[in-house]
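2 protein chains.
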Amino acid sequence: MEPLIQYIDQIVETNDREKNIIRSLFKVESYKKGEFFLQQGLTCRKVGFIIRGLVAYYIENEDSHVYWFGKENEFVCNYESFLTKSSSTKSIKCIEGVDMACISYDSLQILYEEVQNGEKIGRIICERLFVDMSIHITSFYTDTPEERYLKFLDSHPDLIQRIPQYLIASFIKVQPPSLSRIRKRMAKGN
Amino acid sequence: MEPLIQYIDQIVETNDREKNIIRSLFKVESYKKGEFFLQQGLTCRKVGFIIRGLVAYYIENEDSHVYWFGKENEFVCNYESFLTKSSSTKSIKCIEGVDMACISYDSLQILYEEVQNGEKIGRIICERLFVDMSIHITSFYTDTPEERYLKFLDSHPDLIQRIPQYLIASFIKVQPPSLSRIRKRMAKGN
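Chains as they are written, first to last, in numbering that gives the first Met the number 0: chain C, 0 to 189; chain W, 0 to 189.
I should point out that these hints are in silico values taken from the structure, not numbers from a laboratory.
A hint or two may mislead.
Any copy, or any two copies together, can satisfy a pair, since identical chains are not distinguished.
For lysine-lysine, the following DSS-like pairs were computed, each having C-alpha atoms within a straight-line distance of at most 25 Å [stated by the list, open to error]:
| id | residue 1 | residue 2 |
| --- | --- | --- |
| 1 | 84 | 150 |
| 2 | 70 | 45 |
| 3 | 18 | 45 |
| 4 | 31 | 183 |
| 5 | 26 | 45 |
| 6 | 32 | 172 |
| 7 | 32 | 119 |
| 8 | 18 | 119 |
| 9 | 45 | 119 |
| 10 | 183 | 119 |
| 11 | 187 | 172 |
| 12 | 32 | 183 |
| 13 | 18 | 31 |
| 14 | 26 | 183 |
| 15 | 183 | 150 |
Hey, can you work out the whole structure from these sequences and the hints?
What follows is the structure in structure tokens.
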């Protein structure tokens, strides 16, 4: 739980009473590699904060598309489903064993009310997510798959060894053989 | 200014004193068609709330890509640039004459502090933006250009007459002749 307390303390200072409220509202859950945090078709009932491990956000239609990853010190949620209490059109799957501090919708509302700067914490976390998402979306308009791969390497150098190549290919929206060619070209270039 | 007050009142109730604070922190600005709210390379210094008119979010590299639109009762900002005070990698241009209620970064911090539910307002607005953006991004992974066009028609039926076809083509990421073919196929189908 302490990585979450530290993360929040970087946003705003909380006193001991508030830290204890936060500790009491989150519950640590463990998932095995391959387990779902959220399955498409169900409603997302909680927000997780990853203490250890990696998740991938999927959309399953004829194919399976990975459009986002979550790692240590990041929040995990399908907010669209969580906020509107609607069926999720996406899945979130653990691609490593994962320990997460999880909070339900109702407990999150308590946090917003009981922690003096609870709403501020919520706002700033949401702003960070929004900025990350908006950088990702604009790269689809302007970047080639090779550039998207380079940006991925640049922003997630720690993940490249942890994520299977076919998932990275899906994320940058190329077929796995194209990613192999990109990597070969880059290896020759270096 | 009243559409903004009404928009905020749908999120949380504010008292007369707080409404007056909000009115005093926002300033109404008018832009002509073709004018920039924000130019690539400059820092985004304000958030706007559109009272009348339409804007398009652009990225200019070799080509010009439109990746988002903003209309009445929506907030306009490049949050990445606004929050980090960095140069904007995007432009926001008025594609109609626009009246906007605008607030600076410093005034927004005052709003967060002086309005009792200011942080809550900020959080909920950000959540709505995030959900819209995340729906848009996932459509790139799963939808054909035709499906993206249909979703655009579905979610913005009021905009289809107001936005030039070449900008809609850019938004759904096809060349204008492809959009013409999509529209012809749809007209035959109906």
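Is it within, between, both, or neither for residue 70 and residue 45, if the alpha carbons may be no more than 25 Å apart?
Answer is within; shortest intra-copy Cα gap is 17 Å, inter-copy 32 Å.
With 25 Å as the alpha-carbon cut-off, assign the pair residue 84 and residue 150 to within, between, both or neither.
Intra 34 Å, inter 21 Å, cutoff 25 Å: inter-copy only.
Should residue 32 paired with residue 183 be assigned to within, between, both, or neither, using CA atoms and 25 Å as the limit?
neither (29 Å within a copy, 48 Å between copies)
Please sort residue 18 with residue 119 into within, between, both or neither, judging by C-alpha distance up to 25 Å.
For residue 18 and residue 119, the Cα distance is within 25 Å both inside one copy (15 Å) and across copies (20 Å).
My question is about residue 18 and residue 31: at a cut-off of 25 Å on alpha-carbon distance, are they close within one copy, between copies, both, or neither?
Neither way: residue 18 and residue 31 sit 28 Å apart in one copy and 50 Å across, limit 25 Å.
Have a look at residue 183 and residue 119 and pick one of within, between, both or neither, based on CA distance no larger than 25 Å.
Neither way: residue 183 and residue 119 sit 46 Å apart in one copy and 49 Å across, limit 25 Å.
Intra- versus inter-copy proximity for residue 150 and residue 183 (alpha-carbon distance at most 25 Å)
For residue 183 and residue 150, only the intra-copy Cα distance (17 Å) is at most 25 Å; the inter-copy one is 38 Å.
When Cα atoms must be at most 25 Å apart, do residue 31 and residue 183 count as within-copy, between-copy, both, or neither?
For residue 31 and residue 183, neither the intra-copy (33 Å) nor the inter-copy (50 Å) Cα distance is at most 25 Å.
Intra- versus inter-subunit Cα pairing at 25 Å for residue 26 with residue 45:
within (11 Å within a copy, 39 Å between copies)
How would you classify residue 26 and residue 183 at a CA-CA limit of 25 Å: within, between, both, or neither?
neither (44 Å within a copy, 54 Å between copies)
Residue 187 and residue 172: within-copy, between-copy, both or neither at 25 Å Cα:
within (23 Å within a copy, 32 Å between copies)
Between residue 32 and residue 119, at a C-alpha cutoff of 25 Å, which is it: within one copy, between copies, both, or neither?
neither (34 Å within a copy, 36 Å between copies)
Violation of the numbered hints given earlier is confined to hints 4, 7, 10, 12, 13 and 14; the remaining hints are satisfied by the structure.
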